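Enquirer: Listed below, chain by chain, are the residues.
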Amino acid sequence: MSNDVWALAEIAGGKLAGISLQLSSKAAELAKAFGGNAAAVAMGTNTQAAAAELGACGAQTVYASEGAVYDEYLIQPHAETLAALIQQHQPKLVLFGGTNYGRDVAARVAARLGLGLEYNVSEVSVEGGEVVMTVPAFGGAQAVRMAFQGEGTRLLGARQNAFPTVRSGGTASIEQVPAPAAPANGAKVSGPFGTEGAAEAGHLGKAPDGHDIWMPAASRAKLEEAQIIVSGGRGLGGPQGFEQIEALAAVLGASVGASRAAVDAGWIPYAHQVGQTGKTVKPVVYIACGISGAVQHKAGMGTSGLVIAINKDKDAPIFGFCDLGIVGDLNVVVPQLTEAVKRRKGS
Amino acid sequence: MNIVVCMKETPSTTAEKSFTADMRLERRKEDAIPNPFDEYAIEEGLRQQEKNPGSTVTMLCMGPATATDTIRKALAMGGDRGVLVTDPALAGSDAISTARVLAAALTKIGYDLVIFGNAAADAYGGVVPSAVAEFLGKPLLSYASQLGIAGDKATIQRQAEIGYNVVEAPLPALVSVVKSINEPRYPSMKGIMASKKKPLDTFSLADLGLDAATVGGAAAREKALGAEKVSTQRKGEIYVGNDGAADRVVAFLVEQKVL
Ligand SMILES: Cc1cc2nc3c(=O)[nH]c(=O)nc-3n(C[C@H](O)[C@H](O)[C@H](O)COP(=O)(O)OP(=O)(O)OC[C@H]3O[C@@H](n4cnc5c(N)ncnc54)[C@H](O)[C@@H]3O)c2cc1C
Ligand SMILES: Nc1ncnc2c1ncn2[C@@H]1O[C@H](COP(=O)(O)O)[C@@H](O)[C@H]1O
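Protein chains in written order, with my numbering: chain A, 1 to 347; chain B, 1 to 259.
What the hints contain is simulated information worked out from the structure, not anything from laboratory work. Values in this document were obtained by computation on a predicted structure and should not be read as measured data. Every residue, glycine too, gets a C-beta built ideally from N, C-alpha and C. Don't take each hint at face value.
To be verified - Label-pair ranges, simulated between beta-carbon atoms:
id	chain 1	residue 1	chain 2	residue 2	range
1	B	Ser231	A	Gly237	42 to 48 Å
2	A	Val284	B	Gly209	42 to 48 Å
3	A	Ala49	B	Thr66	51 to 57 Å
What the hints assert, rightly or not - Which bits of chain B does chain A cover? Going by a derived footprint, with three or more residues having C-beta under 8 Å, they are:
id	segment
4	93-99
5	168-176
6	247-253
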């Protein structure tokens, strides 16, 4: 086995997902600690462009497998290529993202090659030539330290946003890898749908069953990559309540998040849910409006840089883990805050 | 159509949680429930049975011997029979070993359509369905927010960042579902009574022809070194009242160099 550390890049529709750069950066750091090389594996279309970005974030080698088959079929071709590469090169460790794609590929590769797989890792260190991982348990109330045992390449699935992107400015050498043939009994993708509502500005739309649902502006950063997030919960009172959240987000250049209560009520699409069963986010600033701060919500935002909470209940749990808490009515404070930020930015 | 729902027993979400001395999740019988995310899988199995007359639904669970109660809770919603895979040697199985066992059980039971939840509420691994698919050499339609069966083909809407993708696969196929797919039914009194009489088979490792060395704690590729409590409390400033609150937030963002 080599001392190399790999990152699985994620390409969707020819575009490299931000998580790939986080993984590549971490692979570079860990490869250095092991005395090996950092590499990334990129499968899909536009892999050349992806390789350049991955190289700039630490990958010394990029195994690039260009092919439409990766867009046309779910997971099976990706797992086949990656498993073959792992068998051939025997890296010490492969890093996967905390995404649907990362999970599905890692599980197939682990099953196929009989390798150890640990998911939801929030921290990694190297001790005595082995990785030691931290995995949050019980909604983040405990941190469990885990290690691998037995032989073979270790597969490590990170939590979303566990690792920062480090742009070291390198250039990766590219190794072309042929794409496999279409799988005989594959899961075939016939195309994206339901993206028509993805307008530039946030607006009230209609869900398939006819009820009102807030559709946040599609132009802003994905939650996982956002620097500032303004989130709304049940305290908004309805989908229309997101209008003021959107207005504040717009002046701050922020993305819009939500609690599960707001998502379950059908006020905003699931893609905006923050928490244990939603996204794990790590913005510089997280502004929670009308969110009580249940452990499952905290599990997704507890490691944000700064947390600001606006809630009318002084006993809301969120006041136990915020840097600035406003005990007040969001219907008054949020619009005033939007105006105050506008004034400040104008000055 | 032969429908099998894979359901895990997990501690209830409100149960006090702790680790055993050897760092396994303490599983108390009285706290055990079907994994909340598997209720959507169970419901979807039952709906597909209603839409495809002549189908059978089997609830499959790998767990401790007492998990028969958990399977009966699922059978109270509906379905025809339960299968519990249980064996002392299975304790401490990791996700890949669990998948190996479920795959062997599915092969023994026979299946056209296998439905999973997308993750279990104990560790949020979310890797078992894809690993089972690999062991069986079958397609997995994952993160389905809608499922339709037509002829020998399954088609799903796969939840995506915005909207969804349509993905299809030939049967036999595996599907994992997300919670927006349906609204699980509550078991009726009649259902609860009926569940007590439904056949429930128990398989051991030997019944599945599996070697104890390939599963359970013996084969686990990960080990826990220890755990510590994490304090995520922040002692922030609390500002009371609407008046001046917005200006305080702006001043704070300026102090913190965000604005
Ligand atoms: C297995 C499981 C997984 C879960 N996963 C998640 C998850 O991923 N993400 C998540 O968020 N939750 C999750 N939950 C749900 C979680 O337990 C809470 O139910 C949820 O977070 C509550 O949302 P909320 O804070 O918006 O609503 P509530 O708890 O109802 O809080 C609303 C708050 O708004 C305040 N309020 C009302 N009106 C105003 C006003 N005018 N001005 C200011 N404040 C006001 C109230 O004081 C209250 O504190 C999960 C639960 C389970 C069991
Ligand atoms: N022990 C088990 N018995 C039956 N099904 C399981 C078991 N473990 C996991 N599953 C299935 O796999 C899904 C994902 O579980 P996990 O990968 O553990 O998060 C669950 O929602 C179940 O459908």
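Enquirer: Out of the numbered hints, which ones does the structure contradict?
Expert: Those not satisfied are hints 1, 2.
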